[in-house]
Amino acid sequence: LFLFRGSFATILYLSREDHSHLTILNGGQPDGRTYSVFEFNEKLVPIMNSIFDDILVNQCKTILYYKLSENAAFRAYIDHARNLQTIRLKEASPDEKLALFINIYNMMTIHTTYLQGPPRSIWDRRKLMNCTYYLIDDHKYAPHSILDGILRSNRKGLEMLWKPFGKKDARLSLILPYCEPLIHFALNNGTRSTHSSELREIACDAFEADKHVRVDMCRKKLYLSKLFQWYAMDFGCTTTKIIEWILWVMEGSDTEKRKNIVMLYRSGHYEVDYIPYDWSFNGKMKE
1 LFLFRGSFAT
11 ILYLSREDHS
21 HLTILNGGQP
31 DGRTYSVFEF
41 NEKLVPIMNS
51 IFDDILVNQC
61 KTILYYKLSE
71 NAAFRAYIDH
81 ARNLQTIRLK
91 EASPDEKLAL
101 FINIYNMMTI
111 HTTYLQGPPR
121 SIWDRRKLMN
131 CTYYLIDDHK
141 YAPHSILDGI
151 LRSNRKGLEM
161 LWKPFGKKDA
171 RLSLILPYCE
181 PLIHFALNNG
191 TRSTHSSELR
201 EIACDAFEAD
211 KHVRVDMCRK
221 KLYLSKLFQW
231 YAMDFGCTTT
241 KIIEWILWVM
251 EGSDTEKRKN
261 IVMLYRSGHY
271 EVDYIPYDWS
281 FNGKMKE
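In UniProt numbering, the protein residues as written are 1 to 287.
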């Protein structure tokens, strides 16, 4: 399940977040209860599943944004998202934070697109990723600070000049202890507790589809998603390390695709190319 994955791709951030221009999306009064991260996710996941059941069609490839206006679960989500303001984030385990921020990134992308419409230019994409935010445990988080700051353990994003969180940023103490590359293929999957085994299974399923990994045995060529090129640091930097990582993810698979990748890898005679990214909007704003 991949929802509007390309929103963060070709942005040049010349400075760290300028919070004075950010638009808050989860403003308003929380329900008065202070949730742990686990408790928040326990309530969030059924709401997300109800939303997805209503708005996802075409084998989960198309999002019907216009249906959100009359979706009771989406209204419940808006109410519950306000509770992020007082969530007890500091006491959460790394796995709990991983699950929370994957889910919030997913829903924040849907929420922002529903309100502002799909990005039609590089500036729209910058606005989506850098100029909207949720208030989480008294700190402001834009989508790029969730992705690059928390989930990627404070690594520079695409074409960014600096890391998302500076040395004095209070959010720096909340980042994940290491960058988990599996998150690139797990975004937009609701989960209560995201463990590596679950993420690995999701990524393996993604690699079996031709969107992310293709093999041409006649030409001795591997075609990989642009994600592997954009975020090469997360996967080991070199093409050899990237292929080894893909094979590790697919280790439990007995498919022809994995066998062919193994054959090419062991031969040492292969080329790697990258699949052009599809920037087209995969949703419908009107019926």
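Everything labelled a hint here was simulated from the structure, so no lab data went into it.
A couple of the hints might just be wrong.
Unchecked claim - Below are the DSS-like pairs computed for lysine-lysine, each with C-alpha atoms no more than 25 Å apart in a straight line: (1) Lys226 to Lys211; (2) Lys168 to Lys221; (3) Lys167 to Lys220; (4) Lys257 to Lys211.
Distance restraint between Lys168 and Lys221, which requires alpha-carbon spacing of 25 Å or less: violated, 46 Å
Agreement of Lys257 and Lys211 with the hint, judged by alpha carbon distance not exceeding 25 Å: holds, 13 Å
Pair hint Lys226 and Lys211, alpha-carbon separation not exceeding 25 Å: holds, 10 Å
Pair hint outcome, Lys167 versus Lys220 [Cα-Cα no greater than 25 Å]: violated, 46 Å
Hint compliance for this structure: hints 2, 3 are broken, all remaining hints hold.
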